[in-house]
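K.L.:
Model the full structure from these sequences, guided by the hints.
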Amino acid sequence: MEYKSSAYQIYMKYLVGFTLSVLITFGSYFLVVNKLADGYMLLIMLFILAFSQLFVQLLFFLHLGEEKKPRLRVQAFTFMFIILVIIVGGSIWVMHHLNYNMMNFTSEQKEHYMMTQRDKGF
Amino acid sequence: MNKLKDTALSYRTELGFWMYLMTDCILFGCLFATYAVLRGSTAGGPSEAELFDMPMVLAQTLALLTSTLTAGLMLVAMHRKRSVEFKVWLGVTIAFGAAFFAMELNEFALLIAEGQSWQSSAARSGFFALVGTHGLHILVGLLWATVLAVVVHRRGFTQKNIRQAKLFALFWHFLDVIWIFIFTFVYLVGASNGI
Amino acid sequence: MTKRGKAPWGPVAGIVAVILAIVVLGVLLLSGKSIDILQPAGVIASQQKDLLIFTVVLTMFAVVPVFILLFMAAWKFREGNPKKTKYSPDDEGNRTLELIWWGIPLTIITILGIVTWVTTHQLDPFRELDNGKEPVRVQVISLDWKWLFIYPDQGIASVNELYIPVNRPINFTLTADSPMSAMWIPKLGSQIYVMKGMSTKLSLMSSETGVFKGSNTNITGKGYSDMYFKVHSVNESSWQDWIKKAEKAEPLNYKQYQELAKPSRNIGIKLFALEDKELFDKVVMKYVSSSGMDHNTDSNYEARKGSH
Amino acid sequence: MFGRLSLDAFPTDIITIGGVASGGAVVLAILAFITYKKKWRYLWNEWFTSLDPKKIGTMYAIVAAIMLLRGVADAVMIRAQQAVLSQTDLNLIDSDMFQQVFSAHGTIMIFFVAMGGMFAFINWIVPLQIGARDVAFPLLNSISFWLFAGGMVLMNLSLALGEFSGAGWLAYPPLSGLEYSPGTGVDYWIWSLQIAGVGSLLSGVNFLTTIFTMRAKGMTLMKMPVFTWSIVTSMLLVAFVFPILTVTLTLLGLDRLIGTHFFTSDLGGNPMMYINLIWAWGHPEVYILVLPAFGIFSELVPVFSRKKLFGYKSMVFALSSIMLLSFMVWLHHFFTMGAGANVNAFFGITTMLIAVPTGVKVFNWIFTMWRGKVKFTSSMIWFMGFAITFTIGGLTGVMLAVPGIDFQVHNSLFLVAHFHNMIIGGVVFGFFAGLTYWWPKFTGWKLHEGLGKIAAWLWIVGFLVAFLPLYALGFMGAVRRLDDYDPSFGWQSLFIVAGIGVMIIGLGVVTQITQIGYSWLKRKQLKVNSDPWDGRTLEWATPTPVPDYSFAKLPIVSDRDAWWEMKHAKTKVPTKYEDIEIPKNTGYGVYIGLLSTIVAFSIIWHIWWLVILSGVALVVVAISSTLREKTERVITAADIIAIEGKRQRSVL
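Chains A, B, C and D, in that order, are what the protein sequence lines are. Just so you know, we're using my numbering here: the first sequence kicks off at 1 and counts up by one. Just so you know, we're using my numbering here: the second sequence kicks off at 1001 and counts up by one. Just so you know, we're using my numbering here: the third sequence kicks off at 2001 and counts up by one. Just so you know, we're using my numbering here: the fourth sequence kicks off at 3001 and counts up by one.
Simulated from the structure, these hints should not be mistaken for lab results. Treat the hints with care, as some may be off.
DSBU-like cross-link-like pairs, simulated, lysine-lysine; straight-line CA separation at most 30 Å [unchecked claim]:
#: 1; chain 1: D; residue 1: K3375; chain 2: C; residue 2: K2086
#: 2; chain 1: D; residue 1: K3572; chain 2: B; residue 2: K1160
#: 3; chain 1: D; residue 1: K3522; chain 2: B; residue 2: K1005
#: 4; chain 1: D; residue 1: K3373; chain 2: C; residue 2: K2084
#: 5; chain 1: A; residue 1: K69; chain 2: D; residue 2: K3223
#: 6; chain 1: D; residue 1: K3572; chain 2: B; residue 2: K1005
#: 7; chain 1: A; residue 1: K68; chain 2: B; residue 2: K1166
P.N.:
Okay, structure coming up:
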């Protein structure tokens, strides 16, 4: 890491990053515990909060983007992120379709199955 | 000449370690995907909402977050060549990390006591694999931090130790980043009874 | 290295000999044999054959130029060619030419991509065929190491033998009580994987009478090769005769099924009168519902363990 | 005390005993010979503990070559069974054994032969091509190799102790689960791949860092030789897909060891997830292997055509797009699982898109020959063989990419023929071409050209004879992995022809061994200077044999064909040298590889105390390896002058 900034600035960065992270953590925690939202709305909000905390930590803790050009770390991270989206997103997409297609039971069985699934919170 | 070499070596080592962290992201990504696919398959067992002790999870999260801050402060101390300060912050980091790890072990023990071990269902297997792998990384980090403390105590701030400390901080920050997602997508989504 | 002035006839002769040998051998070995995929006997299989031929012809637009250019380049620009050929050692590329050969394959793939999208939906195994006639329902269970075919509407079942009426859609519902297997009848088309606790679908229709091979295409352990079965595509009356024969056979209920499901090899053809109409669903559901371990899998475990 | 390990673990059937006895006899003879010649110290000091990538590369090549022989032997057994034995009453190879043989064949060929061969080339050539003396993390490189070697030892140990997996090279559950494979076979498969795989992952990180940070001055990314570019793309794939393999194998291992339910059929486990994950790794894996082969051809076609590479930028762009596309095609390995038409069509189309950049590469190679002066050395014969077979393989690949067609030919011998077409025609021919091309750099003498050409012809013809019948058999309804079939199907004649093809390939292998032996005997006559082919890239700028430090002076690059440019610009060879630091030898690679192997072995046999003991030892050794203080040794300027001076004379 080639620090362009002085020790004081780094110090401040860590404090700011920490404060923001704590705030976001509390935010998403109380969102769930106090049931301030539900369903897809909740999921989307949690998603946004998690990713904003990711970027806070990347910038303030991991110092992404502070290196000199050609910024190989940023490139590597971007590439990794794309691959991650492909693999994780792709797997979930594929598995969702497979699981759905493999349930050709009689209708009442399917209903029973879905009921038990719902009970489990899926 | 030697200084030039050291800079090149530091750059190279940090980039290499960064690359390794990227591969580790993929590793966690696969565990997340597996967890997501299997989370509903509880085989009749209780749902996550019934199992998770949320205040405990919040405490865990804050402990890890604090330790990642102190790991940063440790780096600042190192830059200022303040050996005592460095050791103090490293010690605090280890303490909070260990607290996190202890809480995690406690959670696992409680789950197993409730009859929800990794053998109970696919959903539990996925949970233990994902959270356990993170815990294993934390354990490695704690071991690393301890070795680092000993080495800095014995040999002082050599070029090599400075590099090691930077890499350790990077690793520790990275583990906190992973935890954000475990916290959100395992615990919070699980506690809200999923979608 | 070839000396100047003398053409390298040796390799050329070799290439010609290899091509000739392939053609002659191919004709000799293949004549009079049943090449199932190219001689389909079902609606799905014949669409798949057409698709296959279309794809080959289309790709030839890239493959043939490659071969021609490759041999031309090799022949014309070989070191020691007596004819003076152009030599431009610093040639770094040519934008127009490169655009052409980015373009040709891209065009081919675009056409093929559209065809793929359409045919994949047409040939989707889940799509039930419809020709106005009443479809036949067949439930298939892959076992260690045999196939069980259940005809729930006719109230019969058979092992290692599938009888189907010609020109009527056959709607298969499939599962496994064994490691993952796949059922494939090349003359009729499309194979599909079958797994424990899961139920999948396949719809086929025979357009000719005859006896076809069917098989398992996914390794399931030591008796895997024994899982070839015969498919009899027959006319309506013979099919009815066969059903009558089966109705008189021994009954099949869940208990007998468990006996049948134990690992065994080469047990030959068997017929049953179906006593338990919900047999198939029970087999699927035993893995879906909580525990899944029953005596069958236990004995299975013992049987395999014993073999090592 | 010894977990599952007991006397029952030893083989009892005649073929395995024969194999183990003869293999063991050869190993013992070699060990005895080394002891007799008192070479252990030499081997330890000069090879095992060396951190020199050139030496590590040679060791990779030796392991790969030995494993190739075992892989070919397995192939011969498969064909013997299918062509003759299954149709007789002889029950020499039973179903269990047959299934272990083909599982071993696939595993060995991909993980140990192809991966090993690839890392041999990378270790040798990449640092030289980018003008570096070393790799980024020399000790890590040695650890990678010893993990790879440990995996290989474990894999072969399964012959003598216990059994190997019979569940195919990718061991689909539930067949590979405890319920259906209670023995040690699948465990051997999991843990030997696991440690070899971790080694590969570390290598991927290592070489990416090397290429990104250690290039010679002036060598921008777009001035890198295409081989190095192909390694960048291939190592990116390694770094980003091997973690998937690690996870998948671990989860399957946990299912078998501690009773989790990831891929079991009961308690909610989902075997389809395994198949999804393993192919998310498995498909990029084949591109990991074939991209370097593309790189090799991109090096030697310009050299033997005495012309620049046609369309360098296109080539780099093609490599990158193949790399990126290969991440999003994995589902084409299980179209027939029934994910539905939309999913299937999407993955089908992304798959056939790969044909576009691949086709572009073939055209560019052809136009590199165009208006050149093509010298048909044996390397070029391999290239011609590659261009023909690979194009056929591409055609059948496009066919398989169409889900509608795949539903008919999946898991049939058509599929088997297709991937052998890509792996033999692409990877193997590429590696042999590269071996012949770079051999003078490795050893200082050329391989005998005549024998090389004969070997290439035998392989090409043998390949066609062995695999064209399989295409036909696939069309006739023959599925893969059959140890028996009904004689009335009329398949036997085609299987016999395929068997003859394997024998022709076997003759090719024998010719290659003869070629190497004969050339070694005649090495005085075949001795060449450091740049025998009039090369274009920096590896040819080094003296031969390449000294430990590779480059006395680090080169400064101004052109893509850096060495060609230097030769033609008549760059003066500098004679003023400075001291060079190179990494000191260390045994840590060997220790870590050995301990990992012991850990894996004791997991396989459930010897828990040994797992803990060797695990703790592994951690201690790993920590102490990071604490080494003095990691480098110095070669003084005077030594360099002595070595370089000798070189000047040998060139003249």
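K.L.:
Do the alpha carbons of K68 (chain A) and K1166 (chain B) lie within 30 Å of each other, as the hint requires?
P.N.:
17 Å, holds
K.L.:
Would the pair K3373 (chain D) and K2084 (chain C) pass a check requiring their Cα atoms to be no farther apart than 30 Å?
P.N.:
11 Å, holds
K.L.:
Measure nothing beyond the straight line between the CA atoms of K3572 (chain D) and K1005 (chain B); if it is 30 Å or shorter, mark the hint as holding.
P.N.:
27 Å, holds
K.L.:
Regarding the pair K3522 (chain D) and K1005 (chain B), is the alpha-carbon distance no greater than 30 Å?
P.N.:
44 Å, violated
K.L.:
Regarding the pair K69 (chain A) and K3223 (chain D), is the alpha-carbon distance no greater than 30 Å?
P.N.:
Holds, at roughly 18 Å.
K.L.:
When you check the alpha-carbon spacing of K3572 (chain D) and K1160 (chain B), does it fall within 30 Å?
P.N.:
Distance ~38 Å between K3572 (chain D) and K1160 (chain B) Cα, so the pair is violated.
K.L.:
Starting from K3375 (chain D), check that the Cα of K2086 (chain C) is at most 30 Å away, please.
P.N.:
15 Å, holds
Hint compliance for this structure: hints 2 and 3 are broken, all remaining hints hold.
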